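Each step along the sequence shown adds one to the number in the numbering used here, with nothing skipped, and position 1043 is 1054.
Read the hints as simulated data drawn from the structure, not as lab findings. Computed from a prediction, not measured in an experiment: that's the story for all the values here. All clues given are correct.
Here are the simulated distance ranges between beta carbons:
#1 592 x 570: 14 to 24 Å
#2 970 x 507: 29 to 39 Å
#3 674 x 296: 15 to 25 Å
#4 67 x 946: 37 to 47 Å
#5 641 x 342: 36 to 46 Å
#6 67 x 367: 51 to 61 Å
#7 524 x 949: 51 to 61 Å
#8 919 x 986: 19 to 29 Å
#9 641 x 306: 25 to 35 Å
#10 429 x 46: 47 to 57 Å
#11 898 x 809: 41 to 51 Å
#12 593 x 641: 23 to 33 Å
#13 342 x 841: 18 to 28 Å
Backbone N, C-alpha and C fix where the C-beta goes; we use that ideal spot for every residue, glycine too.
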Amino acid sequence: MTAPLAQKVLDYWHSVEFFNHYDLDDVIKNARANERREFFISADKLAEPEWLRHEETARTVYLLPFDVSQITELARSHVAGKASATDEQRDQEFAPEGLTCFAQLRLTTTGIPDFNSLSFSTLPWAAGMLQQGKLSQLCASSFEESVANLREKFESAWSCRTDEKCSPVFLQVLAGLLVDWADFQPRGRDIAWVDVQKEPAKVSAKTSPSPNDSDGQEDPPTLVADELPILNSFYYHDLKLAAESLQQHHRPHALHAYLSDGGIPKLDLETAAGEQAIHDALSPSLTNAGRWPTEPELLQSLMQQFALNKMRALPEGGLLSVNGPPGTGKTTLVKDLVADLIVKRADVLAGLPMAKAGISRESVKLGFGTDAPTPLPVLVSELTGFEMVVASSNNGAVENLSLELPQLEGIAKDHADTLRHFGEVATKYAGTRNGRPWKQPQAPVWGLISAALGKSKNRQRFQQIFGYNAESPSKRPGERFLRKDLVDFDAWDAEGAMNYWRFIQERKHSVPSFDSAKRRYQQAKGAYAVFEASQVNLRKKWLEFVEAWSLARSALELHTDLQTDIQPIADELDARIRQFNRQLEQVELTLWPSMFRWMMRWLSRQKFGAWLDARSRLLHTENLRDDLAIVLKLQEKTGQLHLWDGLTLDSHRNQAAALWQGSEYNRLRSELFAAAMELHQAFILEAAPSSVGIAIGNLLSKRVTHGTPLPVWQWLFMLVPVVSTTFASVRNQFRGVAPGSLGWLIIDEAGQAIPQAAVGALLRARRAVVVGDPLQIEPVVGIPTRLVKKLGEVWLGEQADAYAVHQHSVQTLSDRAHEFGVRHPLRDEEFIGIPLVMHRRCDNPMFDIANKIAYRERMRHAKSSAVMAHPVLGKSDWWHVAGTCEQGKYVHEQGQYLMEQVIALYVSEARAGRQVLPKFYVITPFREVKKGLIDLLLNQREWSARLAPYSLPVPGNLEELRANIGTVHTFQGKEAEIVFFVLGCDQERIGAMNWAAGSPNLLNVAVTRAKKYCYIIGDKGLWGSLPFFQTALQEYAKVNRADQAKERDGDR
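Please model the entire structure based on the sequences and the hints provided.
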């Protein structure tokens, strides 16, 4: 992409961010949930008693609250044109609801406004620009200039006040100034909502679109010198920074590739050239030396390994996208990449003469908060560039990965005791919540491999490993005192949990030294190198054998298929050698003695030809057997490897497991990873002075006020190789980190993220791996479609569709930014990234439905194809329930039918002695259906009435069900054994149904949440003929027909 076009794209995305809304409703709910005092101030009632009651308390004031739906109305009236029926339905489903505001202002305990804390929403100002027809002037410089002028007016108004303290009358003055500034007058009489804070505290809120951040609690704007706090956009400042960086010369970063115009030549991996490229990339010499230490017999699938090998070859500034349908091993792929990068850095460590040689002769001075700057040693450059940041719009996804990596579950038994990296510190971190250890710790984890940072609460939690906790001042001197009734220290000690400083003090001389760890690593690397040499040789010999076998197979009447187990092939060749020997002997009996046999060429050409043919077949077969003997000899060194069968790579057998790999190979690579982790631990213990631990602790809890934070981050990534964050937190977390400074960015659930969300993370990363699926949940954009299109026209003209935020995601832009991929399942003119195809989550019919509607049947089923029956609910089915909508799209009859099934599940559990509901998900395409189902399923009276005949109490975990009922958009990345998919709608809601069936995405995500059983509840007559749902109905019908056929067979 040319720089001018890239600049325009960023300007367009920036203008879209101006129309995001600040979710004030979320802040209000938070205040009420935490029982804080809060109240509204109306223009009709300025003498608010609550205001006087809290005059000497710190308060946060949200100025000019108004209903965000007014912006939707404004877009309809000021943007020409008419949206399609599908767009209208989409806008209705995703339209933001509730209150937003103009600005936020904090008041001190003395009632004085802290104008330095003023945070502004861009939305009212952008609304004014929309009304005036000035959308082309939506830019940071214009906005910030207008805010600077407004600040002066605020301060001028304060200097002219008549009251000593801030009063509702003064807030009314500020409200008037805000209306004049924005040139937008919202409806309503409220001038402020006040949140009473006994102590100044951060109050967080979601920024639209809220469904993209699963936990909904990101940090509020952070006050930074010379930077305007923005209420309603997490990406405002990074988009501005990216635009500025494009005009400067920085180290290569992945954003350049991301903003490409899609003109990169594509290699279709499903063509002959693509298959050859896969073969070439799977050479053992190109494969990852480090492996996540699962059981050695578990092999990567072929396309997982291809994707991983291509990741390893990424140059600086490179970006690679992987298309990962549900259940195809995206997490497994990421784990192996993590292991390999750690081994690569261990190669550097192993080359050091001593641990301290890993520290540069230079140091930097860093200051945190109000502390004076102090020196910090810097790692040598060869040890940097391995930093791994996992980011997503889905907070749950990245946190789950960070929590999963350290778990001993899934680690091979052989490595459970030898895999170590600050394990006791990791156990403390795993068991800490909200800054306080649990009364009882979790089971120990193996190492400090990852940390979920991002929002401030997560950073504070991780910072606790550098804190001090003790049960008494006399025990463990220097540690902070905690009451023993809050913490069971004996249990913690039994698990070995301890903080970073105590680990250094107590374990430094009992764990392997740097020299000892280096020897272990070098031995493991040596063993791996010896194996790899045999493996490379075996591959070469086997490929030669496959070619010879293919040429000779027909002539030699060979029938055995090539496979990993070579012995049957050897047995057939031996049998053919014996057969051809007998044939040759029989022919020779008819010929003259061998010294005169040459004369037969002329005297009996037919007999001589038969002899030559028999002799040739024997020699050819013996040569094949000799070649195979070499392979067998090599296999004595490598153990059994998964060998290519000479057929297309698209077969189930070839896709199921990576070529040239086996148990011994995996064992050696796992040992190499374990040795690499021990070497990292030894390096930190011997090379890192105490200033490093102090600096890391400060980085997590304070703002860097002097120097650059990058050297501290590089030390932190040496201690904790993987850090996860949400896109919304990237700016706060990595502020001050220059473009192209962090080694690797791994984006998860990329199909769910709006395109501009990843800009800040990509800008700071040298390489990016983007993993997602454009056929699952698409980004939720709460801004009216007609306004989004209008902004695209303003900034990009005819090129707007190529970067439209309502049509694209981080995944789709990444898919077109690199060379490898396959044709889009629905649109041949488009490509998706490297596809993962082995599906291991869902039983049928869910697998077949998803594979047919969304993946062009590319996926291969790694589970049994049998359809299992639930003991209470029966086999997965589409239950036909018709009815009429009483509220929105909710059908009463469907809710009642679902309630009957849930009651049956609970009664079954109760009869087994468990008076709790089993885990299941209730999913729907529509918000109104979700509300109706929650009202029904969480109704205590309804439960009591239905359970009376069984003399059973209401389930003890009923309230937990609330989190398991929702729209499809809230369930990506989750799975359960049982899923109910409630469709809703009646004949009057055809537009809503057409929207839900407009693409396979909603249905695909819904059915693939179910591991074993999925029950659709809806009107077959209405839904069964719609695109994609028609396929689902057919697949469910197959299940029923198979059962009916079995019944008929049983009656005969």
